[in-house]
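Visitor: Using my numbering, you'd call the opening residue of the sequence shown number 1 and step up by one each time.
Simulated from the structure, these hints should not be mistaken for lab results. Treat each hint with caution, since some may be false.
Derived Cβ-Cβ restraints for the label pairs, each shown as a range [claimed, not checked]: (1) Asp119 - Gly87: 14 to 22 Å; (2) Gln107 - Thr53: 19 to 27 Å; (3) Met50 - Thr5: 45 to 53 Å; (4) Asp38 - Ala2: 40 to 48 Å; (5) Asp119 - Thr7: 25 to 33 Å; (6) Pro103 - Gln125: 25 to 33 Å; (7) Gln101 - Arg11: 36 to 44 Å; (8) Thr134 - Leu26: 13 to 21 Å; (9) Arg29 - Ala100: 43 to 51 Å.
Model, not experiment: these values are computed from the prediction. For glycine and all other residues, C-beta sits at the position ideal for the given N, C-alpha and C.
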Amino acid sequence: MAALTFTDAFRHQTILQKSVYTAGDLVSRSSGTVVDADFIAGIYTLMQRMNDTPATVAMRMSLIGWDDDVGELRVVWSNADHAGGLGRLDDAQLNLAYAAQVPTITQGETLLLTEGWMDYAPMFQIGLSRRTMTEVALTRPRFAPGIPYDDPDAPPPPTAWCEFIIDGCGM
Numbered sequence: 001m002a003a004l005t006f007t008d009a010f011r012h013q014t015i016l017q018k019s020v021y022t023a024g025d026l027v028s029r030s031s032g033t034v035v036d037a038d039f040i041a042g043i044y045t046l047m048q049r050m051n052d053t054p055a056t057v058a059m060r061m062s063l064i065g066w067d068d069d070v071g072e073l074r075v076v077w078s079n080a081d082h083a084g085g086l087g088r089l090d091d092a093q094l095n096l097a098y099a100a101q102v103p104t105i106t107q108g109e110t111l112l113l114t115e116g117w118m119d120y121a122p123m124f125q126i127g128l129s130r131r132t133m134t135e136v137a138l139t140r141p142r143f144a145p146g147i148p149y150d151d152p153d154a155p156p157p158p159t160a161w162c163e164f165i166i167d168g169c170g171m
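Model the full structure from these sequences, guided by the hints.
Guide: In structure tokens, the structure reads:
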């Protein structure tokens, strides 16, 4: 029973990891496509199907970059429509929770931060408790310096980013 339970837990963790990396990779290749809430909803549906579990699966995607003016990471845009109530990633959360995991980037570079969570309940009671499995993937945009996101509520990016990340800051 213990071997079956631990194998099942590792299988779910691995599938979550693969689905988070796949979601990030698909969005990172969206050159020429303006990403919006519907596009990310489709990615989330794919992620749910990859996990194929009745458990709750959540996802948040954010494009991040380095801001030389303040000397820290900044969130360009964040979508938390499928994050289970966690809300959008903001600059403070980014620098507190993820700064140590983000590789060194320079002004004008961006990374897509994809976070995934899944509630897991073990098959048998063998000492492994219920838990929320988490995975984080950082992916560089493949064919452009940034990924445009259509969100009228997004804050404007730092002025210095306009020439590198966003065409004329028009998002």
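Visitor: Could you run down the list of hints and mark each one as holding or not?
Guide: Evaluated hints:
1. Asp119 - Gly87: 14 to 22 Å: The hint (14 to 22 Å, Cβ to Cβ) holds, given that Asp119 and Gly87 are roughly 18 Å apart.
2. Gln107 - Thr53: 19 to 27 Å: violated, 41 Å
3. Met50 - Thr5: 45 to 53 Å: violated, 22 Å
4. Asp38 - Ala2: 40 to 48 Å: This hint holds: roughly 44 Å between Cβ atoms.
5. Asp119 - Thr7: 25 to 33 Å: violated, 19 Å
6. Pro103 - Gln125: 25 to 33 Å: violated, 41 Å
7. Gln101 - Arg11: 36 to 44 Å: violated, 24 Å
8. Thr134 - Leu26: 13 to 21 Å: holds, 20 Å
9. Arg29 - Ala100: 43 to 51 Å: violated, 27 Å
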